[in-house]
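Number of protein chains: 2
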Amino acid sequence: MKKTLLISFVALATCSAAMAQVKEDFKPASTNQGGKEYPMVNSERIIRAQVTAPDATRVQFDISGVKYDLTKDENGVWTGETAPQDEGFHYYQIWVDGAATPDPNSLYYYGAGRWGSGIDIPAHDEDFYALKNVPHGDVREVYYYSQTNDAMRHCYIYTPASYDTDLNKRYPVLYLQHGGGESEHGWPQQGKTGLIMDNLIAAGLAEEFIIVMDNGSWARPRPAEGAAPQGNGQRRPGLPSGWADGFMNTLVNDIIPMVDARYRTIADREHRAMAGLSMGAMQTKAITMAKPEVFSKLGLFSGGTISVEEADNAPGFREAYDLVFVSYGSREVEKPRGGIDPGKTTADLKASGMNAHYYVSPETAHEWQTWRRSLYQFAQLLFK
Amino acid sequence: MKKTLLISFVALATCSAAMAQVKEDFKPASTNQGGKEYPMVNSERIIRAQVTAPDATRVQFDISGVKYDLTKDENGVWTGETAPQDEGFHYYQIWVDGAATPDPNSLYYYGAGRWGSGIDIPAHDEDFYALKNVPHGDVREVYYYSQTNDAMRHCYIYTPASYDTDLNKRYPVLYLQHGGGESEHGWPQQGKTGLIMDNLIAAGLAEEFIIVMDNGSWARPRPAEGAAPQGNGQRRPGLPSGWADGFMNTLVNDIIPMVDARYRTIADREHRAMAGLSMGAMQTKAITMAKPEVFSKLGLFSGGTISVEEADNAPGFREAYDLVFVSYGSREVEKPRGGIDPGKTTADLKASGMNAHYYVSPETAHEWQTWRRSLYQFAQLLFK
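Chains R and X supply the protein sequences, listed in that same order. Following numbering that gives the first Met the number 0, the numbering of the first sequence begins with 0 at its first residue and continues without gaps. Following numbering that gives the first Met the number 0, the numbering of the second sequence begins with 0 at its first residue and continues without gaps.
Take these hints with a grain of salt, some might be off.
All copies of an identical chain are treated as equivalent in the list; a pair is satisfied when it fits inside any one copy or across any two copies.
Unchecked claim - List time: in silico SDA-like cross-link candidates among lysine to any residue, alpha-carbon distance up to 20 Å:
1) 131 <-> 143
2) 290 <-> 308
3) 349 <-> 315
4) 66 <-> 44
5) 35 <-> 97
6) 168 <-> 261
7) 131 <-> 148
8) 290 <-> 306
Simulated from the structure, these hints should not be mistaken for laboratory data. Since we're looking at a predicted model, the values are computed, not measured.
The shape of chain R in the complex, shown without the other chains (with noise of 0.2 Å):
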């Protein structure tokens, strides 16, 4: 132990020598695995990693699209920094030469279609999904069978802490969907769902509901041996064509039942709401806009709008839906996206009579801290 602290105290040298101009403040990251001192974070939201490695010769830190070569002292151990990062949570990867890998140092989350790496960097509003002695309500792991997919299938649901002391009270449910290349495990574990309502409900600012947490990507036939990749525009594997048709069927024929069946809901239209990001907002506004006798409120994270020819268009849309929640990262809308402004999309949405709401995530881009912002917000104007 004194052996590591003292590399630890070298290695912090040399790197304090070579860029002085780094703030020295940094503290391990909140995703790291127990006792773990690296990767470290400093109040400039730079990231100094370190990886031990003796016999390689090249590692590096590849993180937001950027690989940083990582520096070998005389003990074998690489050390290094990231240009400041956005708030928030971010995927990453250790290349060893060659080998992409996990970092050993941290915990491992579902996204960017792998279990990884992922880092937390601390962000000034982070409060809202901090751990605090509230009542806490429970993220359940749930197991079902779907006719759909002849299969059983996996999702997480969040009931609030009053579910299983007030027997007599049934709630409303808000299913909520990943997006591309992530799965059912990204709104519980970095998405903060659990913490988010946790927080919300005990200030008084949210309704108490149901959050159902399922994956979008699952009911896919494996394609056959040699087949070209099936597209859907985004060009990931993972994502079938009909992806939103697909989990269409799994959810208004199995889940929505399953769900009204096991659990205490209030199992009609006006109580059902439906939000998701990126892929999984395109799937709401999919869903939502064929399913009008199903959901009642929406909201569309990082990815798209309805305009008012879309409502106008979508037979009994206008009179279903009393909330429509649209939102972005601010990175993500500094320029229009193909000529769509979404702000004013959804001005133009609530101008023409439905209430709509526009948010845009400080400094961010299309990532879960907007994601963790956008489900805080849009929490707040839930079954009011």
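Go by the hints and put chain X onto chain R.
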């Protein structure tokens, strides 16, 4: 994709030529990340692993105390095989030029003091923990405040399938502890607690009860910098001296009252059991012997026995406990442990008048298959 398949085929053909005796019926491990072909396991329980590391000079697959060298092909893909493994779950890691990393192909589990790779070797009796279309209980992630620790803590709680629909029913509770270097994640994940119970209950082989899986090593102050590691005879970091006492206070003063307040338990000692594996068994023994007013049944998996003398010398023990269950893996008891034969000790306890049961898991060691089987056996005796 075609290129990857070709590489795999070449690597496979090379291996086959070199090791003609290996049965070519390898299948991807159930513990792999979705869509990952390697590591694979064959019917001889040999693992074939593959790692892409084009610039590395040495890559090893490290499992069950042995490091196996992998062989590099012209595309920088390293492949190799292990000796036959025991049935069930094993932790492992990859070494790339001196860097110990998780295998990017596997799911990650907490054990051996870190989150890292694990692999499940198919077992002849794996049906008892298979995911089936039976009624499933929920495994809940639960946060609560502990006065003893003045901190928020985290556990998992299994509630049986009927819990959310039969609102008039109350349930007995089993407190189930992990081993040293493990955490509250062990039983719900690699332990397969939920699936084991769902299958048992569906088959009518076990009563319905709640299972609380908490962290027996959390409640420790960080050692002061430079302080000698605290010893408890096991010399693992993360196991402070006083682990049984410290956890006993947390369990009796914080966890049990929290569970009895938040869930529909039968809150008396007749309906409360404790069990654990390895360190958790030692905690179970220490705590149940000290607290006969709290528990009435106990299980020790791979972590000790209770002798006639111990039963006689612990005030109230004989009167309080109507079930003592002791188990080991067969490889643990091939030779007597420190002169103690746990089978004889338990038979003597039974002969002295206590309801004592002894179980030996066939051809397994100090590992999860032993503990899955132990839970399967123990659960059938509980609360009947």
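Intra/inter-copy verdict for residue 131 and residue 148 if alpha-carbon distance must be at most 20 Å: between (39 Å within a copy, 14 Å between copies)
Classify it for me, residue 290 with residue 306: is the Cα-Cα distance of at most 20 Å met within a copy, between copies, both or neither? Within. Shortest intra-copy distance 17 Å satisfies the 20 Å Cα cut-off; inter-copy 66 Å does not.
Status of residue 315 relative to residue 349 across identical chains (alpha carbons, at most 20 Å): within (17 Å within a copy, 72 Å between copies)
- prompt: Taking 20 Å as the upper bound on the Cα-Cα distance, should residue 131 and residue 143 be classified as within, between, both, or neither?
  reply: between (32 Å within a copy, 9 Å between copies)
Q. Given identical chains, is residue 66 near residue 44, meaning Cα to Cα at most 20 Å, within a copy, between copies, both, or neither?
A. within (17 Å within a copy, 38 Å between copies)
Reference check for the pair residue 290 and residue 308, CA-CA at most 20 Å: within, between, both, or neither? Within. Shortest intra-copy distance 18 Å satisfies the 20 Å Cα cut-off; inter-copy 70 Å does not.
Within, between, both or neither, where residue 35 and residue 97 count as close if Cα-Cα is 20 Å or less: between (24 Å within a copy, 19 Å between copies)
Exercise for the section: With 20 Å as the alpha-carbon cut-off, assign the pair residue 168 and residue 261 to within, between, both or neither. Expected result: Close inside one copy (14 Å) and across copies (15 Å); limit 20 Å.
Hint compliance for this structure: no hint is broken.
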